[in-house]
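2 protein chains.
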Amino acid sequence: MPRFMDVHHHMEGITPEALHEEHAKDLEHQQSEKGVRFIKAWADPKAGKVFCLSEGPDMNSVQRVHEKAGHRADEIYEVSIEEE
Amino acid sequence: MPRFMDVHHHMEGITPEALHEEHAKDLEHQQSEKGVRFIKAWADPKAGKVFCLSEGPDMNSVQRVHEKAGHRADEIYEVSIEEE
Numbered sequence: 001m002p003r004f005m006d007v008h009h010h011m012e013g014i015t016p017e018a019l020h021e022e023h024a025k026d027l028e029h030q031q032s033e034k035g036v037r038f039i040k041a042w043a044d045p046k047a048g049k050v051f052c053l054s055e056g057p058d059m060n061s062v063q064r065v066h067e068k069a070g071h072r073a074d075e076i077y078e079v080s081i082e083e084e
Numbered sequence: 001m002p003r004f005m006d007v008h009h010h011m012e013g014i015t016p017e018a019l020h021e022e023h024a025k026d027l028e029h030q031q032s033e034k035g036v037r038f039i040k041a042w043a044d045p046k047a048g049k050v051f052c053l054s055e056g057p058d059m060n061s062v063q064r065v066h067e068k069a070g071h072r073a074d075e076i077y078e079v080s081i082e083e084e
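Residue numbers (the working numbering), protein chains in the order written: chain A, 1 to 84; chain B, 1 to 84.
Certain hints may be false.
Derived BS3-like pairs (lysine-lysine); straight-line CA-CA distance at most 30 Å [said to hold, decoys possible]:
| id | chain 1 | residue 1 | chain 2 | residue 2 |
| --- | --- | --- | --- | --- |
| 1 | B | 68 | B | 40 |
| 2 | A | 34 | B | 68 |
| 3 | B | 40 | A | 34 |
Partial pick of chain B residues on the chain A-facing surface, computed with a CB cut under 10 Å [what the hints assert, rightly or not]:
| id | residue |
| --- | --- |
| 4 | 1 |
| 5 | 4 |
| 6 | 7 |
| 7 | 14 |
| 8 | 15 |
| 9 | 19 |
| 10 | 23 |
| 11 | 38 |
| 12 | 41 |
| 13 | 49 |
| 14 | 50 |
| 15 | 53 |
| 16 | 78 |
| 17 | 79 |
To be clear, the hints were calculated from the coordinates, so they are not data collected in a lab.
Even for Gly, the Cβ is constructed at its ideal location relative to N, Cα and C.
Using the sequences and the accompanying hints, generate a full structural model.
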């Protein structure tokens with residue numbers, strides 16, 4: 001299943017509790033999009049950036065989950081290469 | 001140890017082999033910066049973006065490793081909140 005990294009802007013001041021709540025909304029709504037699974041999220045509250053790693057059949061399915069959760073991603077990238 | 005997400009631009013066409021080589025250079029040079037550890041990297045060769053997750057004492061130490069490896073990051077964020 002393709003993997004995606006998305007970026008949310010204007011998230012200045014986001015708290016651990018708020019990230020937890022928003023991520024929980026993604027997990028709730030991902031059930032409506034076959035194959036979409038949110039894996040992890042990271043936030044920089046000073047710079048106002050949130051990064052989410054997910055997998056799904058395509059970019060639009062991932063974005064639809066974010067839209068249903070009320071926080072459309074500003075950028076989404078298909079990260080077809082992974083290294084660790 | 002703080003964690004960082006960095007973003008490299010202009011990486012259009014990067015191959016799995018090239019990402020592997022560049023990441024290996026980070027792993028080699030991280031030994032020169034106390035506490036820096038590169039954890040994972042993802043690439044979107046179409047959009048030309050590479051994302052790296054690392055940890056280290058501060059942002060400058062992480063950037064110095066990238067500089068020694070020959071690929072300075074265009075953006076670095078301290079991702080002080082993590083969720084899965």
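**Prompt:** Checking against the hints above, which ones are violated?
**Reply:** As far as the earlier hints go, 2 and 4 are violated by this structure, in ascending order.
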